[in-house]
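Chemist: Sequence:
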Amino acid sequence: SAANAREMTNAELFEILSRLQQVQPQGEDVINGKISLPKVNVRGVFSNMLRQREGQQGPERVGQTDTDVINLVSMLFDFILDDDNLPVPVKALLGRLQIPYLKLAIQDYGFFSRSGHPARKLLNELARAGIGLNEDPDHLQRDMVFKKIQSTAQRILSEYKEDSSLFEELLHDFGQFMQTEVRRSQMIEQRTKAAEEGKAKAQLAEKTALETVRHRLDGKTAPEVVVRLL
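If you're matching positions, the sequence shown starts at 836 in the numbering used here and goes up one per residue.
Take every hint as true, because none was put in to throw you off.
Once the Cα atoms are required to be at most 30 Å apart in a straight line, the calculated DSBU-like pairs of lysine-lysine come out as:
hint, residue 1, residue 2
1, Lys1028, Lys1042
2, Lys956, Lys983
3, Lys996, Lys983
4, Lys956, Lys982
5, Lys1042, Lys1055
6, Lys982, Lys996
7, Lys956, Lys996
8, Lys1028, Lys983
9, Lys1028, Lys982
Keep in mind that the hints were calculated from the coordinates and are not lab data.
Let's have the full structure, built from the sequences with the hints guiding it.
Modeler: What follows is the structure, encoded as structure tokens:
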């Protein structure tokens, strides 16, 4: 807010965000249930870093366009993280992506203007896949969908520098995984359904046979060994 504050260039803002991205938590704490608050106060974290730079760089400010981008990305993630259908561990993973997505948005303004932008589609797919997952840590350790969300999020955090093609690669990879997972789930469902149908048929057959034997033996005298055999 200082009158003599120098407007930061887009490249400088990108560099600062890259440094913030490097300190984002990436461990196994989510699976183990040790989950911090998923929401990231980007404006607060960024202001702290500007204060740290002020001694050497002097007062700085973010341009209006980049400020608008920061606000829009924050609103986008707030909308996702306010969804009660998303388990807290999934929110924790997606919340960590706010910094790399902000980097992408200030680098590529098409992120907001293109509904089919690979990074937007990937974020939607990650959130959609997380809806309804069991929050129990023991269950998450075995859940392949959660593990895929986690590995995808960590790849973004660790690998995204400047090349946005990473999001296209991850979108393709995640899409293929989910197709395979859906097919696998459908096969399991079909097998379970077939097994249940077979069990029901066996029970019906047993009931029918028992009723038939009882009907045929009704009012008749037969040796005990024959009754047991029937």
